[in-house]
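Asks: The residues making up each chain are set out below.
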Amino acid sequence: MDQMDVIDGGFAAPVFNAQTVFRAVMDAMARPGTVQQVAGLAQPPAPLAATAGAVALSLCDHDTPLWLDAGLQVSSAKSWLGFHTGAPLAATPADAHFALVANPANLISLENFAQGTQEYPDRSTTLILQVDSLTDGAPLHLEGPGIETTDSIAPTPLPRHFVEQWKQNGARFPRGVDVILAAPGAVACLPRTVRAKTMEA
Amino acid sequence: MSDIATYNFAYLDEQTKRMIRRAILKGIAIPGYQVPFASREMPMPYGWGTGGVQVTAAIIGPEDVLKVIDQGADDTTNAVSIRAFFQKVADVAVTTETAKATIIQTRHRIPEYPLTEGQTLVYQVPIPEPLRFLEPRETETRKMHALEEYGLMHVKLYEDIARHGRIATTYAYPVKVEGRYVMDPSPTPKFDNPKMHMSPALQLFGAGREKRIYAVPPFTRVVSLDFEDHPFEIQTFDQPCALCGAAQVYLDEVILDDKGGHMFVCSDTDHCETRQACGHRGHLSPDILEPAQ
Amino acid sequence: MYVAVKGGEAAIANAHRLLADRRRGDRSVPSLRIEQIVEQLALGVDRVMSEGSLYDRELAALAIMQSRGDLIEAIFLVRAYRTTLPRFGYTRPIDTAAMQVERRVSATYKDLPGGQLLGATFDYTHRLLDPELATDAEVATPEQREGDGQRMARVSEILAHEGLIEADGELPEDHLTGDITREPLEFPMERDIRLQALSRGDEGFLLALGYSTQRGYGRSHPFVGEVRIGEVELELDVPELPFPISLGRIRVTECQMVNQFKGSAKAPPQFTRGYGLVFGQSERKAMAMSLCDRALRAGELGEDITAPAQDEEFVISHSDNVQATGFVEHLKLPHYVDFQAELDLVRRMRGEHEKRQATDQTETREAAE
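Chains as they are written, first to last, in the numbering used here: chain A, 1 to 201; chain B, 1 to 293; chain C, 1 to 369.
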């Protein structure tokens, strides 16, 4: 593993870069279906992509156990995340505050992650899914808080049976996971409140 | 003697900002639910807007334009003080014009001028728990929210009707958010409640002393609690603003002498000034009075 | 004619200039120096360090000076500074048995290993004002002896020998000590969190609550097992090193209250404890804290919770004087928007009330005619 891979590629201006990325994520979470631009502020080692890396830098630290999917576990991205965020690795998905997923298509099912409790529904995992595109996939029609009528995005790749899994996630409300979709140069979000349908449904 | 440290951009250290930012995201994802957060001591007293200040400090960036109001006015002392704080620690642009602001921190009012997409309204909240005065224990109220058990609130409102013939709550009037959580809108007059419903702006609430953050995303249903035979209604005023002539706005009563003389003027100072600049006049406007003198 | 009030900014700036002037007072009187406050108002400094949760005498003294001697304001200044400091790590628990003891008294034994040491105490002074202090008279040098470096066993250890006192208390194996400055409080709470909150809690509030338990509101039959004051070493574990690093010494006051306990379904008859620990020298606070700690263990020991001092949410939610001051004093901020709403409601209800009375009177008259 190249030592420089681990040390380089963090935020050039940590205070302002973190704020920029957070605001993009906040706006995306507040208005699901909208796509917020995030310029390449971080350069993590593969297979972690720039946007997902930047989101992790802006939100994760010592206080947030992080779960990595198999591809990230065995890569230098793991050390990069450790070096730049200080986040400990979560022992199980149910302990994770954040889950970083380089390959959503192979993701374990959403119910494995922390769902929060009825008293503390905020204690659930936020998944950061690294996607190739927010426009090239099968369109998801979205409704719910943050959306005036309806909106749509078309992220790809997504976890298997995503629409069905997402419906079950919504049925657990107020418990449930939230999703940040990190695409090249942009983010979109799916808070647990959003309802998603595909065209044919 | 130790050198007094230099402070970070927007005062808070980055770790604290991340903690608050995570709470904000969860708050947005669970509209109306109060997210506990490790509120910090701020350089202004608890109860003076520390929750709102922490939320603003966590979201603000160099591109933002900040407006701060207290009682609807930009020139009340605490609004002046908080605005000056952010000018000092974040060197941020400030404005009094609602339309020009990207972040508006407020205590007790929602601006009259309709908010737009992309704006964030940050409320300072003293007691975030709408059930607190019915049940002082956090352990109990948390259970009630978990079980969606809000009967107590309806009983309270109904007792009002039985005793006074009407719901006698005029401010901090409880709302239900997206059909799930009963939420305290902060001590805004109930006049402002309808503005929260399906607002294009993001609404964030910070309670520093009570260590809670909550949120209402844009375009979210916010319904004031009521009964079929006693529907929710807002305050109405018998006269328009004496300075700008605006109707359907919230008015402050200004005492003119010790013989009962008073007048009503806009509580939202920016709204009033903007209207006057556009030529609107009320019946006690200096321009109307002076020619007559 | 009405002109809206403007100029908040100028008013604030002028008020602050006046405050600075009043703080300094008569310029012909020499200004206080920080070291004078540290040396001569040491117990005030200790209280600010303790409730400010920051062990730094000079900063506490500066805060006292800046706050014109208002200790709660000084505590607030220290807290607002403390909160911005980076955190390097957590020290090992301090070992108070290894304390360099300057004062140690026990009310439960006439004599005990290590002896009774009165130390610098107001106890047994006659509270007569001493005009000599005003004349800056020479102060005699006290008798002193070298410390022997011996551990001084704590009274609780002596009682534990006989098995007559409960053990130190246990937390689950995987329990990580909490930190109330980093995590929001959650009720019910573990004792570690509660003790932290009590240690930075308001001295006056805890004193009154402790006192209330002595007057029957949650009676706990307390004896001062011991109070000790002195310096303890702070040690930090550094992962890269095989031994802990010494960071220096701090002065603390520790109180172990020993309480009678007749036993319950859960526990045999034995003595129970209340614990108090604060920065610097403050017996009053440490003792009040240990009374409150014991009272708050009612649930754990299977006792009825009947008194305010036993009510965890009530005590812990209201013990922080920085929070309490802020919220009480915020009532002086403008509330006229809400007051207007209430005014309007009262006027309408009054109008309806008068109309009703008028109708009632007319009806009575008509009925009479």
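If you're looking for bench data, these hints aren't it; they were derived computationally from the structure.
Just so you know, not all the hints are guaranteed correct.
Claimed, not checked - Under the rule of at most 27 Å between Cα atoms (straight-line distance), these lysine-lysine pairs were calculated in the DSS-like manner:
1) LYS259(B) x LYS262(C)
2) LYS143(B) x LYS167(A)
3) LYS110(C) x LYS262(C)
4) LYS197(A) x LYS167(A)
5) LYS143(B) x LYS156(B)
6) LYS176(B) x LYS156(B)
7) LYS143(B) x LYS100(B)
8) LYS100(B) x LYS88(B)
9) LYS259(B) x LYS332(C)
10) LYS262(C) x LYS88(B)
11) LYS167(A) x LYS88(B)
As the list claims (entries may be wrong) - Computed footprint of chain A on chain B, listed as stretches where at least three residues anywhere in the stretch have a Cβ under 8 Å from a Cβ of chain A:
12) 14-27
13) 231-240
Yeah, the Cβ is synthetic: ideal placement off N, Cα and C, and Gly gets one too.
Asks: For every hint, state whether the structure bears it out.
Replies: Hints versus structure:
| no. | hint | result |
| --- | --- | --- |
| 1 | LYS259(B) x LYS262(C) | 69 Å, violated |
| 2 | LYS143(B) x LYS167(A) | 26 Å, holds |
| 3 | LYS110(C) x LYS262(C) | 24 Å, holds |
| 4 | LYS197(A) x LYS167(A) | 9 Å, holds |
| 5 | LYS143(B) x LYS156(B) | 18 Å, holds |
| 6 | LYS176(B) x LYS156(B) | 15 Å, holds |
| 7 | LYS143(B) x LYS100(B) | 42 Å, violated |
| 8 | LYS100(B) x LYS88(B) | 20 Å, holds |
| 9 | LYS259(B) x LYS332(C) | 25 Å, holds |
| 10 | LYS262(C) x LYS88(B) | 61 Å, violated |
| 11 | LYS167(A) x LYS88(B) | 47 Å, violated |
| 12 | 14-27 | holds (count 12) |
| 13 | 231-240 | violated (count 0) |
Against the hints set out earlier in the document, violations occur for numbers 1, 7, 10, 11, 13.
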